[in-house]
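The lines below spell out each chain.
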Amino acid sequence: DAMVIQNPRYQVTQFGKPVTLSCSQTLNHNVMYWYQQKSSQAPKLLFHYYDKDFNNEADTPDNFQSRRPNTSFCFLDIRSPGLGDAAMYLCATSTPWGQGFKAFFGQGTRLTVV
Amino acid sequence: TQLLEQSPQFLSIQEGENLTVYCNSSSVFSSLQWYRQEPGEGPVLLVTVVTGGEVKKLKRLTFQFGDARKDSSLHITAAQPGDTGLYLCAGGNTPLVFGKGTRLSVIA
Chain A
41 DAMVIQNPRY QVTQFGKPVT LSCSQTLNHN VMYWYQQKSS QAPKLLFHYY DKDFNNEADT
101 PDNFQSRRPN TSFCFLDIRS PGLGDAAMYL CATSTPWGQG FKAFFGQGTR LTVV
Chain B
362 TQLLEQSPQF LSIQEGENLT VYCNSSSVFS SLQWYRQEPG EGPVLLVTVV TGGEVKKLKR
422 LTFQFGDARK DSSLHITAAQ PGDTGLYLCA GGNTPLVFGK GTRLSVIA
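Residue numbers (our numbering), protein chains in the order written: chain A, 41 to 154; chain B, 362 to 469.
Looking at chain B on its own, in the form it has when it is part of the complex (with noise of 0.2 Å):
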């Protein structure tokens, strides 16, 4: 199983900064997977990157892949309280495996 490492772990920041977050490997993916998941739930699919060097924006958030397809980046813009919660990358080209995941608390 292909591994993703993710960085910060945890990131605790005041409502309205920026942030990203890193998903790695040593591994070349075909595509990557974002997801977010909130307390009591199950994690709920973000965004696929495919190409290597794609970005794809989903309002506030955007994802880039890394020309390798080794890693990915998610940068959040003007965090609002709404953004908390874990962040997991997936990815490979073996069944949905997960990164450790970085959880996010923005506050108020």
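Excised from the complex, chain A in its bound form (with noise of 0.2 Å):
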């Protein structure tokens, strides 16, 4: 069974309107994290929540934002999706870092900006 769940799997928006990508868990982790991947590239962290703690990558656009209510649940908002923000993003959660540290992902939304 899918332990992260990542909704839509596809994503297409038009320029400069607003979308909301989001993200599920099931295993109770205590961090989350939203990852942006252009093609060909590694995965390039955007933000990651340690329970309620948010931290924002210091190269992070500020077009993008998160939010995550509770802990099963992580939202990544694009305020005016531009044509660079075209990619796959990518949602993860782990145990905290230490022995026995564990992190899963989704499969992914694959965002689209026509």
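It is possible that part of the hints are untrue.
[Claimed, not checked] Calculated lysine to aspartate or glutamate pairs in the EDC-like style (CA-CA distance at most 16 Å, straight line):
| no. | chain 1 | residue 1 | chain 2 | residue 2 |
| --- | --- | --- | --- | --- |
| 1 | A | Lys84 | B | Glu366 |
| 2 | B | Lys431 | B | Glu366 |
| 3 | A | Lys84 | A | Glu97 |
| 4 | B | Lys417 | B | Asp432 |
| 5 | A | Lys78 | B | Glu402 |
| 6 | A | Lys78 | B | Glu399 |
| 7 | B | Lys461 | B | Glu366 |
| 8 | B | Lys461 | B | Asp432 |
| 9 | B | Lys420 | B | Asp444 |
Simulated from the structure, these hints should not be mistaken for laboratory data.
Just so it is clear, the structure is predicted and the values come from calculations on it, not from any experiment.
Each chain sits in its own coordinate frame; assemble them with the hints.
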């Protein structure tokens, strides 16, 4: 059974039209992450939450925001998508860093901006 | 954010060959992870190495953590087309940040 679920798998949005991607987990992990992955590149960390503690990477554009209303759900909001924001967006969860660390990724949402 | 360098960036080999990919940093890590990602899917965790000098085996894959905990290697024996994918290392005392990856193609 899928443990990290991202919806939708594919999202097409218009240039400048706000879009929200969602992620849910059944693992009860403290930490949740959002990554952006462009073609032939490694995932790039945008944000992460440790419980409700939000951490924004320094180079994450202001156009990207996130919400985590509870342990199970996390959202990525793109306020005004540009063509350069077309990418795969990956959500992940993990146990706290240290012994027994485990991380799981969702299947991703592929965002197309037209 | 601590940086992880992976090499080679691309690797194309014939089925049955052996290969090694590397993950290096100037920083010490409490642990390192290796992931494999197939096209259109999220990365899947293969292994976590924790102790300096540690060696872990996963079928034909052998993972090693450097003694100083600054580097790691992944060795694949008798590569198969099913091993094709993007291999990523991640680690650090900060949240999960990846190296740039090694894109492996195994040709039948």
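Verification of the hints:
Straight-line distance between C-alpha atoms of A:Lys84 and B:Glu366 comes to about 14 Å, which keeps the hinted pair within the 16 Å bound. As the CA atoms of B:Lys431 and B:Glu366 are separated by approximately 11 Å, the hinted pair is consistent with the 16 Å bound. The hinted pair formed by A:Lys84 and A:Glu97 meets the criterion: a straight-line CA distance of about 10 Å does not exceed 16 Å. Using a Cα cut-off of 16 Å, the hinted pair B:Lys417 and B:Asp432 holds, with the two alpha carbons roughly 14 Å apart.
Taking the CA atoms of A:Lys78 and B:Glu402, the gap is about 13 Å. The hint holds against a cut of 16 Å. Between the alpha carbons of A:Lys78 and B:Glu399 the distance comes to roughly 14 Å, so the proposed pair stays at or under 16 Å and holds. Simply put, B:Lys461 and B:Glu366 have alpha-carbon atoms about 7 Å apart, close enough for the 16 Å limit, and the pair holds. Using a Cα cut-off of 16 Å, the hinted pair B:Lys461 and B:Asp432 holds, with the two alpha carbons roughly 14 Å apart.
With a C-alpha separation of about 12 Å, the suggested pair B:Lys420 and B:Asp444 falls inside the 16 Å cut-off, and the hint holds.
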